[in-house]
Amino acid sequence: MKTPPETRDLAHRLLTYEAVAGKTSEPVESVALRVYEKLRESIGVFAGVASFQSLAFRALTQAKSEAPGLWAVQIAADGSLQGLGEFDPQLGEFEPQLGSYKDQTSEGGAVLVARILGLLLIFLGEALTFSLLRTAWPGAALDDLNSGHGRKA
Amino acid sequence: MSTQEKVTIHQLPTGVPGLDEIVGGGLPEFSFNIIAGAPGSGKTTLAHQFVFANATPERPALYFTVLGESAIKMLRYQQQYSFFDPAKLPDSIRFINLSQVVLEKDLGAVLEEITKEVEKANPAVVVVDSFRTMVRKPASDMDLQSFIQRLALFLASWQATTFLIGEYAEDELRDNPIFTVADGLFWLRQTAERNSIVRKLQIIKLRGQDSVPGLHTFRITDAGVQAFSRTFGLSGHVKNPPSHRRLSFGIPELDKMLDGGVREGDSVLIAGSSGTGKSVLATQFIAEGIRQGEPGIVAVFEERPQAYAERATSLGLDLETPQKDGKLEILYLRPLDLSVDETMHSILSAVQKIGAKRLVIDSLAGFEMALSPGFRADFRESLYRMIFALTGIGVTILSTVEVDESFTEFPFSTYSISFLTDDIIRLRYVSIDGQLRKIMVVIKMRGGNHAKDIREYEITSKGVVILGKRLANYQGLISGIPVRSDRPDSTEEPTLDTGIEHKT
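Line order of the protein sequences matches chains A and B. The numbering of the first sequence is the numbering used here, which starts it at 1 and goes up by one. The numbering of the second sequence is the numbering used here, which starts it at 1 and goes up by one.
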């Protein structure tokens, strides 16, 4: 099952906010990593590392079916993400495919973030999920799932 | 020491309906409390209610979770309660998970982590859920005791009111040194009684103020924990002075038998077998009260309020309009596992809401059947508390009770509760001239000179109608099988039947 469009949109809003807040020259996958790290920190504080790790592992499993570019990504015991944006050495030999592969991993980061948000919405509901996101991104205007705001840096 | 020099201990609302009354007005500010009980007894919900009732952005609540229940799952379920306000997170209420510290380090590190967060947030409320799971490595009791002692000292200095939540079985509560540190010890338990689950709460200890002793029932509903004090929320309530006002039944002949009517604030028992018109009399009593501007409550257990009102309509009594006007409430109290305290809470709420002066309980047998089996054993004691509490605030109670018709005895109630009632009216069938007729007699009236007449009555389309004069031509009426005496009507007192046992 694909990520619902509104959850995907929320993920993109966070990624956009992070991209604007950070350096524009940064690769997309590092923006996704930053969003992921902020989620890891804020969820870890209230739910614990183990809870976040399980949540992230489930989200990654779901995301891999949607974004094959995440095939190399793993969740460490402390919940940190490993392998996002890494290239398969074998694929490195095929230069023409590289551009497509990079697109896949950057999209994969967005899918993974969307999947984590999706699980939070399922388990905690919209009100608590947004409360948590507002703690992690105090400057972002995050109203609800259907609002298109949140791009304020 | 003069009273001016004494420190004032402020009381905080517990956020749990009924619990403020039980703890003596509210929870002492800066107290260090332990909520103990078996899993599923409602400890976390109670703590959440306190947190949501007291946390503010200026003085937030820190809710530390340790091992055990996942914080995500806990919040998933807790937010279903109506008291849970998501808007309070994270400014007023912050959830912090300490499981990693517990898993990787020791209790000293846990204390350090709590200290760090408390210094940062300056909270008014701190909860550790569950502190018992922190002792996962083999450790002596002294480790946990020392940890709790240091935590209590630290949090009291930081002016935080604290709850530690712990899973404890009943036998662990005795002589546990950990509990000596606590200012308040709340014990929650749930027990299975036949097919029913009964939840009870006890304040084992609460420093600085009087709490209501004993086991109080509580229920967990969509609104969270709701406690029912054994004093029905009326502790400290000034008892109304005895009234000399008489309340009419709306049946002039019966009022005469009662020396002008039922004394206000009395408890009246109408006893009789099936079909003798107990409910009809009760309905007339409540309807007459409404007619005279006295709001009333009818607590029914055996039929639905609509059916009750429709039956009244067939007697020419309108109970629909006063319900719409807020002058009458018909309470249908028939959930499973009911406790007397919950019944009382419903009745008292209704009494206070409409300012009721008259209350009908129809019937005591239905009431008893609606109770959880465990409470039935205490039915008499519960009735005593209930009647005492309600009449104390000036409510006149009329209860109906069904008694088995007997030709060898004249029982007033199967509950041996007549000592709880001020007035008893007995209805019964008698066999006269080949007909099964009905008679009525006032057995007892505390503080009143009631008639001793045995009167025949009928139930008509206008309700109970008392016929003619007393039945002077018969002897042995209360046996149900009277004998015609061929005496003319006289004002002489009828002789008491011999061989009949009077049971109260």
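Watch out, some of these pointers could steer you wrong.
[To be verified] Below are the DSSO-like pairs computed for lysine-lysine, each with C-alpha atoms no more than 27 Å apart in a straight line:
| hint | chain 1 | residue 1 | chain 2 | residue 2 |
| --- | --- | --- | --- | --- |
| 1 | A | Lys2 | A | Lys64 |
| 2 | A | Lys64 | B | Lys73 |
| 3 | A | Lys38 | B | Lys324 |
What the hints contain is simulated information worked out from the structure, not anything from laboratory work. Small disclaimer: the values here were computed from a predicted structure and weren't measured.
Evaluated hints:
1. A/Lys2 / A/Lys64: holds (11 Å)
2. A/Lys64 / B/Lys73: With a Cα-Cα distance of about 25 Å, the restraint between A/Lys64 and B/Lys73 holds, given a limit of 27 Å.
3. A/Lys38 / B/Lys324: violated (57 Å)
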